[in-house]
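*Asks:* Here is how the chains run, residue by residue.
There are 2 protein chains.
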Amino acid sequence: MRNYLLVLLLLTAGYRATAQAPGPLTARLDKVSLTFALGPDGRPGYAIAFGAKPVIKASRLGLSFADGKGFEGPLVVVGSETKDVDETWQPVWGEVKNIRNHYQQLTVHLRQPAAPGRLLDVVFRVFADGVGFRYEFPAQPNLAYFTVQDEHTEFNLPGNHKAFWIPGDYDSNEYTYTTSRVSEVNTTPIEAIQLKAAPNRVQTPLMLKADDGLYLNIHEAALVNYPAMFLNVDTKSFGLTSQLVPDATGTGAKAYLQAPEHTPWRTVVVSDNAPAMLASKLILNLNEPSKLTETTWIQPQKFVGVWWEMHVNRASWNYADVSNIKLADTDWKSLKDNGHHGANTANVKRYIDFAAKHNIQGVLVEGWNVGWEDWANNWKEEVFDFVTPYPDFDVSELQRYAASKNVKLIMHHETSSSVTNYERRQDAAYRFMKQYGYDAVKTGYVGRIIPRGEHHDGQWMVNHYNRTAQLTADNKIMVDMHEAVRPTGLHRTYPNWMASEAARGNEFNAWSSGNPPEHETILPFTRLMGGPMDYTPGIFQIQLESWNPTRNQGKQVHTTLAKQLALYVTLYSPLQMAADLPEAYEKHLDAFQFIEDVAVDWDDTRILAAEPGDHLTTVRKAKGKDEWYLGSITDENARKQPIKLNFLTPGQRYEATIYADGTGADWQKNPMAYRITRQVVTSKSALTLQLAPGGGAAVSFKPVKK
Amino acid sequence: MRNYLLVLLLLTAGYRATAQAPGPLTARLDKVSLTFALGPDGRPGYAIAFGAKPVIKASRLGLSFADGKGFEGPLVVVGSETKDVDETWQPVWGEVKNIRNHYQQLTVHLRQPAAPGRLLDVVFRVFADGVGFRYEFPAQPNLAYFTVQDEHTEFNLPGNHKAFWIPGDYDSNEYTYTTSRVSEVNTTPIEAIQLKAAPNRVQTPLMLKADDGLYLNIHEAALVNYPAMFLNVDTKSFGLTSQLVPDATGTGAKAYLQAPEHTPWRTVVVSDNAPAMLASKLILNLNEPSKLTETTWIQPQKFVGVWWEMHVNRASWNYADVSNIKLADTDWKSLKDNGHHGANTANVKRYIDFAAKHNIQGVLVEGWNVGWEDWANNWKEEVFDFVTPYPDFDVSELQRYAASKNVKLIMHHETSSSVTNYERRQDAAYRFMKQYGYDAVKTGYVGRIIPRGEHHDGQWMVNHYNRTAQLTADNKIMVDMHEAVRPTGLHRTYPNWMASEAARGNEFNAWSSGNPPEHETILPFTRLMGGPMDYTPGIFQIQLESWNPTRNQGKQVHTTLAKQLALYVTLYSPLQMAADLPEAYEKHLDAFQFIEDVAVDWDDTRILAAEPGDHLTTVRKAKGKDEWYLGSITDENARKQPIKLNFLTPGQRYEATIYADGTGADWQKNPMAYRITRQVVTSKSALTLQLAPGGGAAVSFKPVKK
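Residue numbers (the working numbering), protein chains in the order written: chain A, 26 to 731; chain B, 26 to 731.
The shape of chain A in the complex, shown without the other chains (with noise of 0.2 Å):
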């Protein structure tokens, strides 16, 4: 506390110090503060407190542009204005049926000194649970066409605190987080997903908790036009600075701009508890409203797909057992099938089968299309056509039965990262999709991107997602987009973009070292602050041996069976996938049913619990009905998890039906005991759920009919 006062003396003294600018200019809300000066140098700076706690010290803003002429200072105040905003609004879809938006906005308009005199406009959103600010190039005589060679935006903390983080890699987030301290940051010993660089660069949402109680959070809203932010972090100093992705030409180009133009806006989200992270809905409120006007084909769902089956080795994408095929000489017909291709028309029926059965509303098919013989890791640039089904699969046919069962088709776009070739062949994709009767994407970008030299996370592949999600929207079709980069609240801009992967999904406990057990208490509190992920919960066979003794020797899901329940609940997303295989929910259709009852819309979410890395309870209630449906996980350690059922609805009785993990269940000895109980219980009651190592509860609240 000391030393903060100390910092902020000093900063407005410097400030003051200069006759370039006013005095500090501030805006508040609640406990949250913020506060805009020039340095010494007429260096634009700015600090954040919560109460009388600092959040962000003194910490430097600028940009500099290809043309040497950017904002890197001196600047020189030119005016300011604050405005208060408190509106509320309805999400399409999402955790809440309402969303309060509520800032305090402060505004400064700079101006280089010298010539040619460009302004730039600071905005801030001063939240009670955080601050948005963007960089804002208003129109001007002296700024049209504009190159940012890098951005200068600074996070300095106030202390060593605890981070939890994954490396700075431009082409992928599929990490698991490390937790350390800031000063340990060090990322060299980790294995490249891709393309791993600087040791001390990581990634967004970046989620710190301060020795003082403090939790905080970095990221950004808003993700158009302009490359994502990483942080590079000094670890002396505790001071994070924007790292922005550069783009193909090797000079260190990041952004192609033309005013008028706005960065993104850098988030910090702070409170002095845990749930309230989980429910801030700051980045949501910096994102603009939906661009769509008529959404009632926007349908969140459950869906199962052939998927699981390949990655445990008992399917396969490609047909035949060839390689080095070329998409435009390759007579499909003529080649052998190798008698086990996932997406073929009866095992896709089977889906369908149980989809129609267990009301679940889509099939996803992967591997459907040609291509998939020698598909990854060549650089190629046609691979995919995303029209030509295999010979085993009859898309009319498929139609036709998917249809007669009420069930929806869901397509899979794997563009191996070859995006010049999809988005060539995007509007053909689409209207074929249109034609079969599909009205839902997942769309992939596995590798190294085409153009060559661009990055999943550079400025021109961040338009690829954004005009993919207007374009399938235009095409009233929803998207979930696997390793694109991580989501910034555009789901709010675009409701037809339902759930991105972006982070280190279920798929790795099948062929890597796997999700360790604490891995699902971070993500909501790092990757899931941007938006929902399609992280595939739902695996029932734990061990999946089974699916293939030799192939997957000692490969298991690092979670109990409960906790797989659970996370339908604490991860949230409007379309959530029963990951597993038919066959494996055969053999628990008790616990299947949880999978069949929870919603995926909700009207209201509470977090009951919660700490990053060790466990995480949340109740959500359904869309349009009286029923709750709570998730609890925990790490590699068990827990007790006492619950109060105050969120009920007063005088109603509920069935309660907990599916909880059963006697010694553990995730590595005993990971598939699993215990259901029913019990009626009212807002009054209280419940404990028991929480094995690596485990996890889900519970249903049904109203008892009177």
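Derived from the structure by calculation, the hints contain no laboratory data.
Don't take every hint at face value.
Copies of the same chain are indistinguishable here, so a pair counts whether it falls within one copy or spans any two.
Distance condition first, Cα-Cα at most 27 Å in a straight line; then the derived DSSO-like pairs of lysine-lysine [what the hints assert, rightly or not]: (1) Lys108 with Lys731; (2) Lys727 with Lys459; (3) Lys361 with Lys56; (4) Lys351 with Lys94; (5) Lys694 with Lys731; (6) Lys316 with Lys358; (7) Lys501 with Lys351; (8) Lys316 with Lys351; (9) Lys430 with Lys382; (10) Lys669 with Lys731.
Keeping the supplied structure of chain A fixed, place chain B upon it in accordance with the hints.
*Replies:* Leaving out everything else, chain B in the frame of chain A:
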């Protein structure tokens, strides 16, 4: 001669000394002979001779791969074959009706002696007028995907030849030619059009003349899925080495390939007289036959267009005089017309009227579509959408009007080199064309390429041009590409690819230092070796000040008016523009008669006299008619050109209409003086054409009805 024999002796001696190879392998046709051998280091090499004269001295062959396991050598010969081919084919359109394809082929099978023992074939085709060879990568177990890092093809010249060259710019061919000895090649003093690089790098087709009287042209044929080849010149040894255009990654990677695959053909055309060079069909013969079966929709034609009036500053491409436009955000109807927008409905009708009256089939309109307000030099992705006309361009009315006059509008797609944007919109753009009755498109690639970091002449763009040729063909659209890579005979394979620019066209006379009078005498020996050029001849108003005294001060076309007519014959293209404004032609309708008469498709072509840089006289027989058209041009020197008319049908009397430079004509002092005379001639007649400095003459021969 003595030198060469010595070299050959050393070469063969060297090869014999190794255990790796048999003696040299040879192929020959008429005077042209080819020798292949491995050097003492196991590196493959070749040499070419014309009779006893050396053409290419012992020169290395080879390729490096990014994986380090390429074909730099040593290699071993595992076999070879020869075969003889003599066939005749008919082009869809062209300079002659029948083309003989006569060659001896030598295929050399090579293998890496060390692991992985990859296989490489080098295939040589020896014609009577030169040699083509390429590298072929057969299907094999140890080679699937690979990246060509460098190609090590050498063309070692036996002497310090006279060379006609332009600088090696990966993004532009729009240079004037320098004539110098090979030892004097130095591009440093030449102002860059785009990104001129190494001082010793030149482009192909490279025209050379040896002191022993041999003419020699080095280029490539069938440039597909590979970057263009440039040549690095060793000014001491007179050795030329292939330089491929790199990709965007900055790693020096040149081509991403997948076996089986092959490189383009490297071509060496040789003859002992200049006219024979121009008659060579070697490059066309090395291209694949037409991919199109139904070709009746492909119509060689002349066209006028709303185009030159922009170059001479009488009209603008843009509609409004504003800058800093965003395509998606602009309400075009709300912009203020600048009053001189060329592509307005009334003005286009004027061109349609002129075309209809003068038997011109097409009317090109540039600047019809929104986006020209700030289209260039901003490296901006979303510039044009190719489907939105300016408010003053009534596309439906013009469709109706043109059809009523039996004239076709020609579409214009300037991409501003934002090729990703164009590719996204190509389908829609071609649908728009078909909807409004367009069946030909002129594309443009001005500026820096997007994907950023790629080059106009790199593999990615080469693939784009070829895809565009196919995609336009799929839509029955003829295409004329400007600022694309220089042609390599692919119009045989895609006969809808009517023409390209890819050189310094007539337009440079409007706004730069212009094209020197020798320019058009060099183009047929360089740029046009690869295919037709849309040079846009036919400028009658030579002094441009009359269009805009202020902005065109001192600007003029660097030829006489009569020479402009001759260019319709000397510069072959199945699409020929009558480039000047209707009002310029209206003043000289007697001269315009030649443009109205001249054919654009031919049964026969004879090069009557030629010397690169000096003069050229060509006569051609119109397709399916007994009409002949002759063009004769000179450089800055006046010249008397005697012509024997023995090409005419014996016994037939023809009216020859001679469009000659007038008395005192001179490209600088008196360019517009011309004289039209008529006389009756037969195959026994002779003419002497008097060409003014920078002048020319055009002659039509039409049968006199008996």
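*Asks:* So, against the hints stated earlier in the document, which numbers end up violated here?
*Replies:* 1, 2, 3, 5
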